[in-house]
Amino acid sequence: MNASLRQAQGAALRHVLDLRSGTAQGAAAAAALVLEDGTIYRGAAYGATGQALGEAVFATGMTGYQETLTDPSYAGQIVVQTSPHIGNTGVTSEDDESARMWPAGYVVRAASRITSNWRAEQSLPAQLERDGVVGIAGVDTRAITRRLRDVGAMRAGVFSGDALTDDAAMIAIVRESPQMAGRSLAATVSTAEAYRLEAVGEPIGTLAVLDLGVKTSTLTYLREQGFDLVVLPQDSTLEQVLAHEPVAAFYSNGPGDPAASDSQVELLQGLLRQELPFFGICFGNQLLGRALGFGTYKLPFGHRGINQPVLDVATGRVEITSQNHGFAVDAEIGQELTSPAGFGRVEVSHYSLNDSVVEGLRALDIPAFSVQYHPESAAGPNDARHLFQQFRDLVVAKKGA
Amino acid sequence: MPKRDDINSVLVIGSGPIVIGQAAEFDYSGTQACRVLREEGVRVILVNSNPATIMTDPDFADATYIEPITPEVIETIIMKERPDAILPTLGGQTALNAAIALHEQGILARHGVELIGAKVDAIQRGEDRQLFKQLVLDAGADVASSAIATSVDEAIAFAEEYGYPVVVRPSFTMGGLGSGFAHDEAELRRFVGDGIHSSTIGEVLLEESILGWKEYELELMRDTADNTVVICSIENVDAVGVHTGDSITVAPALTLTDKEYQRLRDIGIDIIRRVGVDTGGCNIQFAVDPATGRIIVIEMNPRVSRSSALASKATGFPIAKIAAKLALGYRLDEMPNDITKVTPASFEPALDYVVVKVPRFNFEKFPAADATLTTTMKSVGEAMAIGRTYAQALQKALRSLEKQGSSFHWEGEPGDAAALLEIASTPTDGRIVTLQQALRAGATIAQAHEATGIDPWFLDQMVLINEVAAELATGELDEARLRLAKEHGFSDAQIAQLRGLDEAEVREARWALGVRPVYKTVDTCAGEFPAETPYHYSSYDLETEVEPSDRRKVIILGSGPNRIGQGIEFDYSCVHASFALADAGFETIMVNCNPETVSTDYDTSDRLYFEPLTLEDVLEIVHVEAAAGELVGVIVQLGGQTPLGLARGLEAAGVPILGTTPDAIDAAEERGLFQRILDEAGLIAPRNGTATTEDQAVEIAERIGYPVLVRPSFVLGGRGMEIIYDTPSLHGYFDRIASHGIVGPKAPLLVDHFLDDAIEIDVDAIYDGNELFVGGILEHIEEAGIHSGDSSCTLPPVGLGRAQLLEIRDATLRIAEGLDVRGPINVQFAYATGVLHVIEANPRASRTVPFVAKALGTPIAKANARVLAGSTIAELRAEGLLPEQDGTILPIDAPVAVKEAVLPFRRFRTADGRMVDSLLGPEMRSTGEVMGIDRDFPTAFAKSQAAAYGGLPTSGTVFVSLSDRDKRQAVLPIHRLQQLGFRIVATAGTAEVLARNGIRVETVRKHSEAGDEPSIVDLIDAGEIDIIINTPSGGIARADGYEIRAATVATDKALFTTVSQLGAAVAAVEASREPYEVTSLQEYHARRSA
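In order, the protein sequence lines correspond to chains Y and X. Here the first sequence stands for residues 1 to 401, where the numbers follow the UniProt record's numbering. Here the second sequence stands for residues 1 to 1090, where the numbers follow the UniProt record's numbering.
Read the hints as simulated data drawn from the structure, not as lab findings. Hints may be right or wrong, so weigh each one.
[Said to hold, decoys possible] One side of the interface only, derived from the structure: several residues of chain X facing chain Y at Cβ under 10 Å:
{"no.": "1", "residue": "Asn227"}
{"no.": "2", "residue": "Pro252"}
{"no.": "3", "residue": "Arg388"}
Since this is a predicted model, take the numbers as computed values, not measurements. Think of the CB as a built atom: it goes at the ideal place given N, C-alpha and C, for glycine as much as any other residue.
Here chain X stands alone, though its shape is the one from the complex (with noise of 0.2 Å):
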């Protein structure tokens, strides 16, 4: 059937937030979405409440609605906006559970709105485990055997059929209480004694256990006519009991012959078919017996997942096009192939090379957290690499990491092998490294299979690349051995480690024996057809196959795997840059390593490398690139702290670096030059210093005097960086950190003054050389101390005046100038007692980009590449790119924006099984962002809330907690919450103070005092308290605030941990009395243009 013609206007839902388990993929995937729908001339309407997408530039709908994705929000959307249908199948989870709402609350039915891309009963068959599990039997297929047990000795029985371990899960307890694993039969009888004990109906659910499975995944697509095609096959490399994004995945599947695959994929097409997508794709998940071949079905996702957009990177397959077009009616057939442009679309991609795909994580970020790999997911992001072996992928997937100690390394003696192995049977980040010690330690592959699961093959390609490495260790390095490393995915950081040399020393030698890369393309058919795709990666091979053009042309580097404070907002900058050097005549070659993003969507720029973003891969890269054509140069500032780090050595490789200088970039950076630049200017900065060691960090900080904010330079997302009250607590920062590596004689710690009581900003500005075009200021809502990445900010302030603003502008010009920046800039300033400090300048593009770009209309990402590449802000604005006036003053109506962080507390728990702590600080731990903009600051404020996390409560009870030196300021809003008709409960202390205050209040019980009442944490556990307000004392997280925010992260409450933030939401609970009136972008701009 071709496409339909009663479509004609298509309302897509995003994916919301960047939160692990659902990031930046969905833009990827939704950005592809909207494109497609438009240029089949549909009318595209978009919901989606993050601002740091692609997909949510006005350029990619013609409605753009940054509003919460709530079942009201999309109503009011769909009265005004008269969709034909909505796709909800682009935007991960969240998208799909809106669509059930829809359902459920009649609203679809109510305004005759069909869903596209996946029926209600098809999602509901494939979301709700019984209905699925039955349609798996159906589809011959197995699910693990389970039996519910309501003794010890029908436990026993059940252990006997299907073998230890078991897994046991009690019925009706809260978070998954009481769970785990029983290996043998004396485990067996206290878990399943206690579960019985702790359900409330007295019985526990047993299950086979699967794990140490081989673990596989198909992507599927199917259209209208039933045609079902595999898109890609992913093998896990860790076994079944890691959740498969934490996994090290490979594609395609290698261990399978090809009865075993056809298995699997007759079974994925009967369940698709049987679940009913019948347009689009579905990823389902697999677990094979390494014993018997006996199959499992563990889930599967009727929509577009994560592991699509890994499938759609890994084979050149865009899923999420050719999904949207399956949705408008088409058959695969009708489409062609979009890289081979003749052989159409319905067909299998063969690969002729290997990608491995490994996890990134933070958890350094949460000390407290448990960082063994469990089935929840984890990571907060993954580097995705392609070669021509395994070992060749896996080894620049590791290296793609950017982390100490992720690639393999022969430094020193490995240790113990079975020491090793007892470590590695327990799956964690970085165990592959610790694997690979223990084989080279002389474990064999049996004892390492057994140890992990993994299978024998992978671990013989580790046993090959130690081998490699013993061979590279002697003799002559010469061509033969230089091959053979690079062969097997060597760097030449590993090859120097391995010969005692430099980097650059192995890198001369290497060049000079012509020892070079060359680059293949991912064509979809193993070479089978000619392909134009301009999407490559190296390898050793003997030919390559791209031929550079002879346009003028810019390297783009890439941000690299997402990670807490480098993730999509940086992709963004990238991702603008390639389309405005595009539009301005330049050929855009993009280099990352990221499959999540949209910048490597092949479509992107006019060249596509998948490759490391280490000095290497990009010096090759060049190499290629400068062959023919003039290469103009390397853009290093929009892609955060990775490409940044590349600068100087490229510099030093006579690499041209557009805008700003390393130099520069350096001297924001050095605090010396830095406080001269400062000086110059007549800026005021806060007292600092810069330690190199302990010693010296405490004699700067008494000098200056505590509260202190130490920073370790040449980081980003504030890595390390805490607030200190006192030198004891200094000390003790430096055992926490010791192990890191972050602070030395060449990465110094500076140190500051920590202002108390200051209001944050932060300026996102463009310098020319000549002129400053600021895009805008933003005012944090929480005071300074909290990571700006975490702290929720307004664009416009709505606490500056217009001499503030004016005073701000001015300071970040001379800044601007003393640095001599061409490009963006970010500063953050802070004003404390009427005073504007200088907290810190970094010449490059910032996080809050994008944010900045969607509450104000203005394409500052475009505008920043441009004048990198050497424009002036006078010929954007000439050329209609820039308006006239910049961002320091806006209009009286002015939409107002807030950003609100989206923090992941509620993924991790402690090795105990506790939540870790939410207290906010200076480092920065939240992992996306939403925004709500409006016409005013309180329901701007509401809307942000709304879509951070689900909203404020309008009524309800309120309790509050405050450390002494917050008391005076809360007790304002806090009696106009009682206003509002909220209760209000208090420990002792605060409701001695808000009673005195003429505040009714209820005193409870702290946690940590003895007492038969019911303490704040049980109440908060009985979900009888609907907002939280603690603010802890004296920066130290004591025990009970500790239980209180714990409590609250698992029950979802709306918690306040300073004043400003309770003010804000006072407005906020006023303003979100009223249904939410929402404007798209588009509007908002035709009203600036008025």
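Isolated chain Y (complex conformation) (with noise of 0.2 Å):
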């Protein structure tokens, strides 16, 4: 334990006071924030009351605080925002990027007192507690994320109300609570029921979106191309898949570790084989990694932010993307591969400029590609939508071939 672990620690445990940033008098509840290493961050309480156990991770977007707590991908886990003053604009279901808000807990800096934007209809923390996501403000959330990032993520809990109890049992709790290496996810996030979404403009076919945590976004984007879409559950078979008679496969992103996805990997296989076109985002990106025979690793502490260089290396050209992912695709960058599973070569598309981690691949011999980080943004720049037009002339080119 280096000296400045020591020093927040002791400085934690020691720390009684309630910083309440977001209120002037001492009228909310207190929260603590424990981290599997033992650490404890005092605050107060803000959204739902109670216990939230996840993995702890940060995200440094400085707007989009709304798409990063609606976007699925983050069930399951309890999100810092490295961005001090957060709820100022509220909420609008104009911005929401699925039907509820996924991360178990929520740690801010300062939470807002008010809500100030033309569009809000809502607070945040109102629509935080109708979505049981625990949160907690007050603490000193850039403390918390130079931890995680030398410590690497950590499985955390948020406990308020009844459930802030002494440090020991809480920090038992969260030492006994399951680790996001393993997990599937993809059940708790995915549309039960198949559904359909019709295309804007002139249908060019029927897109197959396999719903393992998809946002609002990915989809309007989807259909602005043309396809119309029917969203299939996460346990959907081949033959289930197969019957939509669609023109090609999309993979969406969301939680969990892909390593413990083996039933989607082999749909996809078994899609690929077919030649359909395919398109994945994310966690897409890492199934359709594992599909062509590579693996997938678990990154430190994860890529979660709107300011992520990416380098497309087929235009030597930089976009700033929105990344929000903790594990990564195990391939050589610079250099054409072969698919261990048999699909032809393969190559890295696109790398993260901060950390040389796989941000995209591309099949060279069948119609596959898939990116890391997210075209849709939201939260986040639109630098990269074009990727969504990539897919449709993908499309377009194998229906004239």
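Need the complex rebuilt from these two chains, each delivered in its own frame; the hints are there to steer you.
Shown next as structure tokens:
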């Protein structure tokens, strides 16, 4: 344990004062964020009260807390926002990326006391409470972030109300909670029933979307490319998918460990053997990697932000991307690879300029590609929106051939 | 694409003198650029007329030209230096305009020089309103709707469509005459009727008003591969209607959702592409309708700007440095992020803190000026603060202004909420405090929003601060309450006020409870990657990131926000202290809160604390730094009055002060002590006395005889300094300063007999306790009575003999000995009727240090710091830092350097729209300075005039109006002007004297005289007069003099208000008939060494 770690821990344990940044008076109830390594940060309850367990991760976006919270990929996580002021603009249904907020817990520096935006329909804490997201405010989020960066993503718990108990008990609860590695969460976030969404404009055919935690924006941009969508549950079989006579297939983003998603990998291999054009985002990229026969691994603390530079190998250009991933594909950058699963030649099409992590794959002998980042952004820059067009072009070219 | 290999030398154009709207930030960006270019092996040629800058130090370029930034001069430099390219995007609008002029005059084409950083067509697309409007529309964004109306009915139809208020601008009238906001139909009828009448073509321009909208700014960068990133978003707390330079601003934007922010980002990127800024930075301003979200693009600057300097300091992303590299052809992804070292520059900084910038105004220097904030920038400086929350950053920023009443307070009863809101509805300096009082008095957020247009979120934060104050005022002052207060940015002084305690008592209680700040790091990435940047800010959080080293260290206190009298010149000294002490093996620690400066570049010192310069904040930094290693001491003598004001408190807290002691600093200000020192040294001061009351002042003035010069102690820039000619005027003076709190028992008023017709002299010297080194002796061109900061001066002196120079040196030595100075000292003398009088002495670095350093090539700023830190002059000479001979007597072939002040009068209008008076006096009002350097005085003076305001005319008409006492002396120079071919016109009295002396002169009517023929003011307005010579009589700005000077300022003509200026000007007119030759500082240096 290094010096700064000891200091943070000592200070955190000693420091019983609740900063309650969002409130002047001592009105808010107490809460604690407990990390697996025994560090405890004390603050004020925010949103729902109770107990939330999950993997603690930090997100660095300065805008877009609503999109982050409604992104199903955050299911099962405790999200620490590095941006200090959260909730200023409230929430509006227009910006929801799914029907609810997914993180187990939510950690902020300064919770806004009011909502100020012409589109706001509701305050953030009200929405957090509605969806049972147990939050904590008034903690040193930078200290927590630095800890997660140095030690790695950890299991954690947010405790407030009756759940707030003695330190040893809370630490024990956190240490007994499940690890993120090896965890399959697709069933939690996926649609139970298949449903259809019509294309915007002239349709070019049906796209089979495997919902592993899909975001509203993704569906919108796919529809805008002329796809009639059939959104399918995560446990769909090859026969069920093909029954919709799709012209192409799509795997969405989603939470969990790709190594624990064998059935979706098998399904994808089946689709690829049909030479159906395929596009995958985020979790979908990891599953394409596995379907092609590559491995995946857990990153020390993941990429979660909307300022992540990615190099597009084909054009040499940089895209500022929105990212949210704790796992990555294990493949060599800068050379033509051969799919260990027999799908021919493959290349790493995109990689992170920060740490050279694989951010995109392209199969050269079958019509399939995927990216680890979020071209639908939400939250984040729209720099990579053209990938939806690229997918359409691939499908149109395949149809023409 | 990697770096271009066809660019081996680059001419960088600087921004010239500091003026309102274009200030120290361009020294920061230019210095960064020069540094980077040289690191890249490029030969750097620099032109900048401003000697007070770091960038014009000979170390930062291969050839440094302190010359006027005119196309002619730049062409001469181009012909001499043959640069491959010109970089015009780092020197503000001045450099961009110069580049356009070079292009339009065919100079670029003639010499085959390429512009890098921005192409001419890109600059034009950004600047031309019509081109830009179309480009914004093409990008799918909006501009404010407008229409031409030739009748009142058309105007009313427009108002029905777009709503009130409507902006009415008559076409083709001078200076915005007749334009305004029509709030209802009656006003619209009146404005449009008047406007159509006064317009030469009978039409008015109507524009939809966006007053009260939210205002945002984005800083973007783009490279040759079309990679574009947004470095920073900035939100104006003040709504549209207040210039962004005068607004309180916050970074990042805090009241936009991601969808709304991304829309601004998309538009911004689209526009930078369409404008074609292909390498470098630009900033774009947006207005957002708070009711609908409609976005209007206000403007863009295709260059590094004031906001980019702020964005660099706010994010840690060095925009200017990267812009310079992009101009050489590098791509963003080819350069590392300076801060993380491992990630590339092609990213968008993420902040995990809040930055607040507040403007610093100087309206007290221009009592007649209208202090309402508008779309014309009026602030002279700014302070920035970093906090973990908005409330914390805002309160830190407000106390960084170091201005009485600039911080929130809870004294007494706030008053009536409605009345306070009414006051706050007009944007002014200090409105934020009025608003805080209104909220304290019970105004609701909705009411405050209605009155000001400020977003409710920001208003709620002020309500929060008031609530915390209420909580603090009651109950025990325990750890919880103190933490709550500190978390919301309260200073010990504010807590003390709320609790009826002394600041020191609060501090003691706080320390006893262990409530102390921690220091966080500005790292561009919100903690995602480890960063080693030595750039810190305080917060009251859990974890500190500063690990003090075990080295010997020196803390340098900077000068805070720029203001008239305390500007970039002091930053220059601080930066050099950092460089010199680092070279001498010290660890250097800088404390400052001014985002415009080189001192707050994280590259300048070993460690930078971006913190307010208050005793509390500095003591906390001392506490952390003293925790390890050896804190050799704190330097307070280089940053002007701000750090000097902290010296006593630091000393009392046991903090070692380097160099001259606080006692000695006070002795120089304390009249009795200082008089004793002069007596012992056998030196003469003007008859004088010290008053703490009005009656005392009158008694002294009558005893020592009028005129008297009155001067409050412990002020800089001649604040409250005036020449008073009689007792009624002295009473009037006390009435004027009554509300400013600058005279009282603790701050006595110094009353000196004023020496008429004296030559004023400034000396900058260094004393080590044994030896005196004179940096330079400066002779003022104006006679005594005009503040030294506003006076032009020459180095070497051209009107003093060897014996006088030696007498001055000897007097300076005796004063330095008497005061027991260790470090810099500045002494002001006056020769009156052949007798040397001591006016004042200041044992600190002066405003003229950089000028002296540039004029003589002596690094006196570095030497000042070294002597403060214990070196002797002999040691510095042995090291080669100081030359063998000091600057008392210079060789006959030494170049002559002239400093000229640049004044901001054109910026200010009175409440009824008239110009403020431009008469100079003992209170300093200039914002900046230029230097002209050449082989003789007339040419150097001519260059200084060209650099300050475009230069003296060499033909045309001269208007002369002289006070009686000046008439005799003015005859000869005016005669010479006539010989040079100028036509002479004068008012009746003056004309009579001139005619009797054989000068052909035409008489012109005074403004106040009745008559049909055009008055002198009409002639000036009509542009028929080229040089105006108007010496005021009796020290009172008489109505006529005022009208003449106001018209002159409005038409930007040469104006001389003293006879000595006139003499210099005549010589300069002759000198400027030939094209100027240019010589770089490096060439001068080589000649000196030869």
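Now the hints, each set against the structure:
no., hint, in the structure
1, Asn227, "holds, 4 Å"
2, Pro252, "holds, 5 Å"
3, Arg388, "holds, 6 Å"
Going through the hint list in order, the structure satisfies each hint without exception.
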